[in-house]
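If you're matching them up, the sequences are chains R and L in order. Note that this note's numbering numbers the first sequence so that position 61 is 61, with each residue one more than the last. Note that this note's numbering numbers the second sequence so that position 151 is 151, with each residue one more than the last.
Do not rely on the hints blindly, as some may be mistaken.
Claimed, not checked - Quick partial rundown of chain L residues pointing at chain R, CB under 7 Å, derived from the structure:
| id | residue |
| --- | --- |
| 1 | 11 |
| 2 | 65 |
| 3 | 85 |
| 4 | 130 |
Claimed, not checked - Result set (SDA-like, lysine to any residue): computed pairs, CA atoms no more than 20 Å apart in a straight line:
| id | chain 1 | residue 1 | chain 2 | residue 2 |
| --- | --- | --- | --- | --- |
| 5 | R | 95 | R | 146 |
| 6 | R | 95 | L | 20 |
| 7 | R | 99 | L | 20 |
| 8 | R | 81 | L | 20 |
| 9 | R | 81 | R | 121 |
Honestly, the hints are just simulated from the structure, not real lab data. Even glycine gets a Cβ: it sits at the ideal position worked out from N, Cα and C.
Okay, here's what each chain looks like letter by letter:
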Amino acid sequence: MLKIVIVIFVLLGCWKSSMAQSLSVTGTTWLPTVSTVTEAGNDYSTSTLTSATNQSLLSVTMPNAFFILVLTNNHYTVQIKSINSGASWSAAGLKIYAKRTGNGSGGGFSLLGVSDISGGNAAFQELTSSDTYFFEGNNYGTTPRTDIPIQFQITGISILAPVANYSTSIIFTLIDD
Amino acid sequence: MASTCMAQTTGTVTAGVNLPLVALLDIEPVGGITLAFTAPSEAGAILGSSATDNTKWINVSSAVSSGLTRRITARISSTLPSGFQLRVQAANASTGAGTRGTSSGAVLLTNVDQTIVNGIAGAYTLSGSGNGYNLTYSLSIQSYSLLKSGTSTVTVVYTLQDN
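Bound conformation, chain R alone:
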């Protein structure tokens, strides 16, 4: 009997995790313009470029819960990294950061609790080429948490940096854990 129960829970866990949890992003491009130097002798007026607070909006949908799990929370973690291309950001002294500026909405609830979200909103977080914890949350059922606003920032803007196009791909990874 114990073996049967274990097998059921193993299958339940795998079935739950194999369901299509998804992370979607809107606002997928941020290409700010630097200020124009109008007076000889000056650097750019600002060394930091900051996007709108809702530059990108993330939505997180977790797998459908089954049986009793419909009542329990489904925890997720969102990781973040940036993969640079073209001119070297590090050689130019450029860095890119991200911050979660709001909670979005939705995520569901049950008799046992209400969805939540935490992390990533205290300060701008420098992005590297390695997946790094960004924020986490709990959804209930299949109700997605939508419109989680993300803000970006680039620092190190200077005419001392080599003239070039600097580009990066910011990759969010949703982990059903």
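Assemble the complex: chain R is given as a structure, and chain L must be docked to it using the hints.
Relative to chain R, chain L alone:
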């Protein structure tokens, strides 16, 4: 259990910035300078060895592609009165930041561009009088036999150009 069955999905945002070429130069403070010789008070005395001025400064903002450098050149765009020579020397810049190049020392000005500072890359000197490259003009007599009394206006043109 969860770790063996963990799944994930990703979303991507593209971000970036274009840093453009910048090449700005100006002279501070605005206005001209006067280089004058005083007449000798004693018959037979010389007019004077030279007249100098160091009140002018060149301010520069320069953003370049990796590996590119620039130079500042100077030339006379009008005719220098006969019998005179005009030299200019730019001191190395100590204000601002970046690769601000090296002075060529005192340069005899002609109607052809002469390099007075070379090796400028990404740099800014700060703006205004007292910042950047301090210019010292020196007007000297080349030939007494060609001198004529009077006043002449000479324009010196400075250019920040790519190497």
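Against the structure, the hints come out as follows:
At a threshold of 7 Å, the smallest CB-CB gap from residue 11 of chain L to chain R is about 4 Å, leaving the interface hint in force. With 7 Å as the threshold, the beta carbon of residue 65 of chain L comes within range of chain R, its nearest partner Cβ sitting at about 5 Å, so the hint holds. For residue 85 of chain L, the suggested interface contact is broken, since its CB lies about 28 Å from the closest CB of chain R, more than 7 Å. The beta carbon of residue 130 of chain L is not positioned within 7 Å of any beta carbon in chain R (closest approach about 11 Å), and the interface hint is therefore violated.
For the suggested pair residue 95 of chain R and residue 146 of chain R, the alpha carbons sit about 28 Å apart, so the restraint of at most 20 Å is broken. Restraint check: the Cα-Cα separation between residue 95 of chain R and residue 20 of chain L comes to about 18 Å, which is no more than 20 Å; the hinted pair holds. Proximity of residue 99 of chain R to residue 20 of chain L is assessed by CA-CA distance (about 27 Å); at most 20 Å being required, the pair is judged violated. A distance of roughly 26 Å separates the Cα atoms of residue 81 of chain R and residue 20 of chain L; the hinted pair therefore is violated under the 20 Å criterion.
Proximity of residue 81 of chain R to residue 121 of chain R is assessed by CA-CA distance (about 16 Å); at most 20 Å being required, the pair is judged to hold.
Hint compliance for this structure: hints 3, 4, 5, 7, 8 are not met, and every other hint is.
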